[in-house]
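For the record, the sequence lines run as chains A and B.
Numbering-wise (the numbering used here), the first sequence opens with residue 1 and increments by one.
Numbering-wise (the numbering used here), the second sequence opens with residue 1 and increments by one.
Check each hint, because a few of them may be wrong.
The calculated label-pair distances, taken between Cβ atoms and stated as ranges, are [to be verified]:
#1 A:R199 to B:D67: 17 to 27 Å
#2 A:W413 to B:G57: 57 to 67 Å
#3 A:A475 to B:I114: 31 to 41 Å
#4 B:A102 to A:W413: 27 to 37 Å
In short, the hints are calculated from the structure, not lab data.
What you are looking at is a predicted structure, and each value in this text was computed from that prediction instead of being measured.
The C-beta atom is built at its ideal place from N, Cα and C for all residues, glycine as well.
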Amino acid sequence: MIREQLPALQIVLPLVAAPLCVILRRRIPVLGLAIAVAWTTFAIAVALLRQVLADGPIAYALGGWAPPWGIEYRIDPLAAFVLMFVSLIGAVTLTYAPRSLAREIPSDRLHLFIAAFLLCLTGLLGIVISGDLFNVFVFLEISALSSYVLIAMGRDRRALTAAFQYLVLGTIGATFILIGIGLLYAMTGTLNMADMAARLPEVMSTRTVVAALGFFSIGLFIKMALFPLHIWLPNAYSYAPSMVTAFLAGTATKVAVYVMLRFTFTVTNIKMSFGASDLGTVLIGLSLAGIFVASTVAIFQRDVKRLLAYSSVAQIGYMVLGISFASVTGLTATIVHLFNHALIKGGLFLAMGCFAFVAGGTRLERLHGIGKTMPWTTFAWVLGGLSLIGVPATAGFVSKMYLIRAALEAGVWPVAAMILLSSLLALVYVWRVVEVAYFMPAPEGAERREAPLSMLIPTWLLIGASIVFGIWTSASAGIAARAAEALLGIAP
Amino acid sequence: MTTVLGLFNYWVVIVLMMTGFYIVISRNNLIKKVIGLNIFQTSVFLLYISIGKLEGGTAPIIEPGFDRYSNPLPSVLILTAIVVGVATTSVALALIVRIREAYGTVEEDEILEIDGAE
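Required output: the full structure, derived from the provided sequences and hints.
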């Protein structure tokens, strides 16, 4: 019985827990409930993933209304994979939160903050699971509105202006997506993705559909912070509370990339979508420009949190690059990098939160000699950094390898060379932190003080996973390859 | 003539959309930015409702004598989008209140100046 209702529970559980947190108010019950719900959500996602891999895609008619009239939840290997890691990052960051938030959030607002966090998780999971375009828009706004609130809770007053800037750009992006959906609905008369995919080819060449694709894509580019539409991201990530940055960096932009995959390959047919406007070429250009510009800017940052934020913009470039090849290998690279980067950046930002917790800030000057005073956290950061560069036996290497292979398959070796070259830029910005942490003397009288275990264990969980999935690649890359084949309609 | 008058709704949508967008980009005052954002969103609401309307169509209730019905779905969708718009506006205004408390101003250039001076 329960097994059939899992797709609905995946969304309903965090959604119902959010108002419960507001009612409970007290610190211990709120945190206990939220952490329990988050891990249950993760367990459901894992169960769904196993079910999908064993028995094929699940279609769930919400409320018993048959699609295309009712809203359909549709879980294929890609959706199940993304659900799994989004709920994982949510659960890990919430487990990390109690100690970290005690310093960053006024204690009388904690229950509201946790409620907003659960709503954000609901929205992100909803975007992934839904098979209905308008429903995707609604979930997109649920996650976006709650993330504005989460970012604004940062201690620095610049968090407020960052949240406002994100709100303005995010709303413009969402409204563009809404226009795109509206125009597509006008031409096809349906909002169900599968149904629309069947009806779209007839009207594909009309100007309305081309305009719809344009609006939808630009809206998504803003949401995923693709260069040059990334300006909201560095401030938002820099000033948000530590656990929020880790959570959003691991999930929010990834889910936007997921929507792009879904929209380009499931809803609109790939050949038409890319052939009509040479979008593929444009995307290669934009993503390479993004990788190089953002990595270079990252090198010159004085604040490590900001450095990582710019690095995130660069990483989105790698993901979009994989999409623009539109081959099985390219898509595998994108999908596996969604997962790997969520682990890596989530782990790095959590380690950053440990630094901020102990050293009181994340500017480079504060981290002098931190390798001696906080050896475990620093070592986690270094491993995460190596993975970001793409050193063999780390998760980052797996993504880069698939990406380079895809570039060579497509016959564009200069792109492959540029991917390698860009890794050097990553090496430079990671090295800057390593240098400060290990080779600068610690300030006088600094004692050895580690972050509390409740923060250190979640950090190591993500960093450790990024190493495990660098070696045990058949799990992550195997599922990613299956998801890519399913997207391109090639039978496994 | 038909392209001007027949598509009157859509011209209004475009004018409103660009007006709102321009206000968001060009104004310094954060409240005015929110107003621009609202106009921008409203134009999309009008777009949806125009799509659903059929000339001479009535509300979709089966009744003898009527055989042309307007599509109710876009209006229903827009009810949801209006709620989203109201929520966005309230979050934005709440943020502006906090920004005013923290900076003492709601002018973007002054806020940037204060941040730059730090």
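Here's how the hints hold up against the structure:
1. A:R199 to B:D67: 17 to 27 Å: holds, 24 Å
2. A:W413 to B:G57: 57 to 67 Å: 59 Å Cβ-Cβ, so the 57 to 67 Å window holds.
3. A:A475 to B:I114: 31 to 41 Å: violated, 50 Å
4. B:A102 to A:W413: 27 to 37 Å: violated, 52 Å
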